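Listed here are the chains, written in short residue letters.
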Amino acid sequence: MKEFTPAPDSASIVSVTDRVKPVALGMGVTSVHFLGPRAAFVGSEENVAFVDAKGEISTVAVHSGGILSAASDGKRLVMGGDDGKVVALDARGEVTLLATDPKRRWIDAVALHPDGAYAWSAGKTATVKSGKAEEKSLEVPSTVGGLAFAPKGLRLAIAHYNGATLWFPNMEGSAEFLPWAGSHLGVTFSPDNKFLVTTMHEAALHGWRLADNRHMRMTGYPGRVRSMSWSAGGKGLATSGADTVIIWPFASKDGPMGKEPAMLAPLQARVAVVACHPKNDIFAAGYSDGTVLMVRLEDGAEILVRRNGTPPVAGLAWNAKGTLLAFADENGDGGLLEL
Amino acid sequence: MSEATASKIPVTVLTGYLGAGKTTLLNRILSENHGKKYAVIVNEFGEIGIDNDLIIGADEEVFEMNNGCICCTVRGDLVRIMDGLMKRKGKFDAIIVETTGLADPAPVAQTFFVDEDVQKNARLDAVVTVADAKWLSDRLKDAPEAKNQIAFADVIVLNKTDLVTKPELAEVEARIRAINPYAKLHRTERCSVALADVLDRGAFDLDRILDIEPDFLEVDDHDHDHDHHGHDHHHHHGHGHGLKHYHDEDMQSLSLKTDKPLDPNVFMPWLQNLVQVEGGKILRSKGILAFHDDDDRYVFQGVHMMLEGNHQRKWKDGEPRQSRLVFIGRELPEELIRTGFESCIVS
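From first to last, the protein sequence lines are chains A and B.
Reading the first sequence from the start, the letters are residues 280 to 618 in the numbering used here.
Reading the second sequence from the start, the letters are residues 692 to 1038 in the numbering used here.
Treat the hints with caution; some may be incorrect.
Derived, one-sided and incomplete: chain A residues facing chain B with beta-carbon distance under 7 Å [as the list claims (entries may be wrong)]:
hint, residue
1, E414
2, Y440
3, A460
None of these hints come from the bench; they were simulated from the model.
Since the structure is predicted, the reported quantities are computational estimates derived from the model, not experimental observations.
Positions of the beta carbon are idealized from the N, C-alpha and C atoms, including for glycine.
Given these sequences and hints, build the entire structure.
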């Protein structure tokens, strides 16, 4: 008779931690993206570190100071810094200066449109640059919290205090104000262009159905929501902010109105960042204790990617094909997992 | 100071009415050879004569919190700036927030009480108010903002004392004391105060809520008596040559004390309810409390409706187990507070 000796954590969860290629970035990290085949780890200051599939690191200087905002479409990474500059980084590692704030104000938010247009904000002003057209700017009533382009057409959502503003930069006088009391910090359109969702200073999300501007209150979080990610096909919106990943249903025409969210992957730590797989119904979640999990949406089955015991996870990203997952904690200890 | 507190970045809030000398003090702090680096959040770029890549322009956006509490306001821009500054942790030792001359310090202070992320990384050190010795008395009459700034202060730098006569100085000090007898007051010319007197004060550190006694000045050539009647709402007229005592019409302080133990089951709900109901009027509150059947000192402090408190340490042998509370506020309902407090005493 064989003696049964369980492995230290075999009872709890399937683990792929031994398949992760560790990456020591040696800098604070604030977000993770993929540019072509390489993972791009955005530092808290000055640099972006590219990491290829072999785990080799090459660092590119992008800002002279703190990096405050970053957005990527998989081909380009646009960033804003406290040096007042908006820069783009491409997959080859080439840096382009896109704009400089004349007063050297902080570039608080950036957004990238699938057709190459980009937007940034400094203070209350949001600016859009599309192709060869001139820059267009809009001033909103208070400092811009976040920016997002609609998936269709050149339309920008601007989150700010007491609501969000929707704006077609190429149409004079097109700004439409969606009011909701409180400070709105992050913003995203649903992939089907039907809903707009903001993260708030309070521990809540707010949503509007764009057809009729009906409100959707998404509350109950113990902490502020800092990370949102649409599942493949936009059926659900996965969010951080609680000790489970909260996924709001958006498959029906009413979105999450009158519905309960799914709560998956509970841990005794706060979810810090979520990233849904680009093709399958899987998401990755990073926690405040450094844990990284991969979770199946359908049944909540979990796979351990990284153990706890480190600073909070700062960023997670999938490559476009969904074959690579990259992550890093706030201190710059990260990893690459090939599936 | 606890370790968690020590690792947080101290934040000094610098207030003062227009022209009082805030920028002078700020320039002094930045230019003095103290070996420290400050991140400075200002409202007007260009007034600071020192090169510093960590000077950040702010918009002084006051946001209401969505929690049904009307006086619960925060500085939205500060939340954002603190978030950005934390990306450059290690590049500076402390933060100074300069407010405009017309600003109410409460939203700045409340930002450090309410916002989870701000609280994780930074701690409010003190509210420092620069006042103009020549014009403050007038401003206290016509500018409610100036009165707020005095009432809210932990440290008052009474500046431009060279521009007034001794009786004028005594007058303005008496007016300050009528509003806020607890702040440390420093008389200066051109804001030449020792930086140790304005920075790293720990005024919001629960472990250091000891400066609860009124800060009476060693007033030269006045025979000012250190006179406590459990109530700092002085009306001593007819001192003759002494320091005059004013009663400010709408802003006062109220202190309560008792040598008898308090019942925590009565006191806590009473205090919570008091700040809920009267929090709009109460700018600051502090207390050291001796509870019945409790060998630990309990300390608390508050800004408007926000309270934080904790058991601090054991009462020492021979230390009188006395409870003391201080409120500074506008039109404080004195009788209501006194009666309520007395009902918390274990009979």
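Here is what the structure says about each hint:
1. E414: Check failed: Cβ of A:E414 comes no nearer than 21 Å to chain B, outside 7 Å.
2. Y440: Because about 6 Å separates A:Y440 from the closest Cβ in chain B, which is inside the 7 Å limit, the hint holds.
3. A460: Given a least distance of 6 Å, the restraint on A:A460 holds.
In this structure, only the earlier hint numbered 1 is contradicted, and the remaining ones agree with it.
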